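K.L.:
Residues 1488 to 1743 (this note's numbering) make up the sequence shown, in order.
Just so you know, these hints were derived from the structure itself, not from any lab. In this text the structure is predicted, and so the values were computed from the model without any measurement. Watch out, some of these pointers could steer you wrong.
Claimed, not checked - With a cut-off of at most 30 Å between alpha-carbon atoms, the simulated DSS-like pairs for lysine-lysine come out as follows: (1) K1590 to K1721; (2) K1631 to K1684; (3) K1590 to K1530; (4) K1631 to K1590; (5) K1721 to K1530; (6) K1684 to K1653; (7) K1653 to K1590; (8) K1631 to K1530.
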Amino acid sequence: MKKLALTLILAICMALPMGLASATTAQAKLTPTLDAEVAFNSKYVWRGIVVVDDWVAQPSITAGLGGFSFNVWVDYMLTDENDRRNEIDEIDLTLDYTFELGKFSIPVGVIRYTFPNSDVGDTTELYAGVSYDWIVTPSITIYKDVQESNGYYILGALDYSLDLPKLNETIGWSLAVGASIGYGSDDNNSFYYGSDKSGFTDYSLYVSLPFGIGEYVTLTPQVVFTGLVDSDIKDSMEPIQDENNIYFGLVVGASF
């Protein structure tokens, strides 16, 4: 699997010159964007791991220019779970550049994970991926931790969206569904899941109904079902959490 990861990274890197050519053509069309949202979720689950087993608020803001974007994402505790009510549990910073090659999108970037009010160590991941805009959108993304686990995590996903008839002149809505599965290297799985071998780690299924209100605002109720895959990982995590989890939430967003 490490050879596959390196092969995918090499293939993405080979595509970058074409992406740079496209990016150069688009320089004259640079338009700044700003997106903000707040997600209210009944749990915080990350790669199958239950980080917070109760309600959280997760505000996020993304500034974009051309193919570049910078995102700040926050996890805020709303209850006494983990004995940290009304505290910021996590702040993630993501710098991304996405190349557009026809129907292909190739994101590359870096994520900085910080945990300001806990003893969890901060860490950094580099990532690269590719997706194809089709009836069902397939994607694969490779994450490489360069600070804590030093492992690989590979996420494969399928997403589908269907526009539904408008409710009125100002409110449109759609149905979005998707599925994903993750694979971790032995270093990754040892650090995060307590398993000393590589293998499939987690899966997730989601259903959401994004409502577009006017030109700028969206409201998105969602339900997510997630679970652990590998039997060794299930055994290792059993004292800490259930192997399968379901949570729901509402995302309030605005784009400018």
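K.L.:
Hint by hint, say whether it matches the structure.
P.N.:
Taking the hints in turn, this is what the structure says about them:
1. K1590 to K1721: Measuring from Cα to Cα gives roughly 38 Å; hence the hint is violated.
2. K1631 to K1684: Status holds; Cα separation ~17 Å.
3. K1590 to K1530: Between K1590 and K1530 the Cα gap is close to 34 Å, so the pair fails against 30 Å, i.e. violated.
4. K1631 to K1590: Holds. K1631 to K1590 sits at ~25 Å (cutoff 30 Å).
5. K1721 to K1530: This hinted pair holds, its Cα atoms lying about 19 Å apart.
6. K1684 to K1653: 49 Å, violated
7. K1653 to K1590: Between K1653 and K1590 the Cα gap is close to 27 Å, so the pair holds against 30 Å.
8. K1631 to K1530: Holds, at roughly 25 Å.
Hints 1, 3 and 6, counting from the list given before, are not met by this structure.
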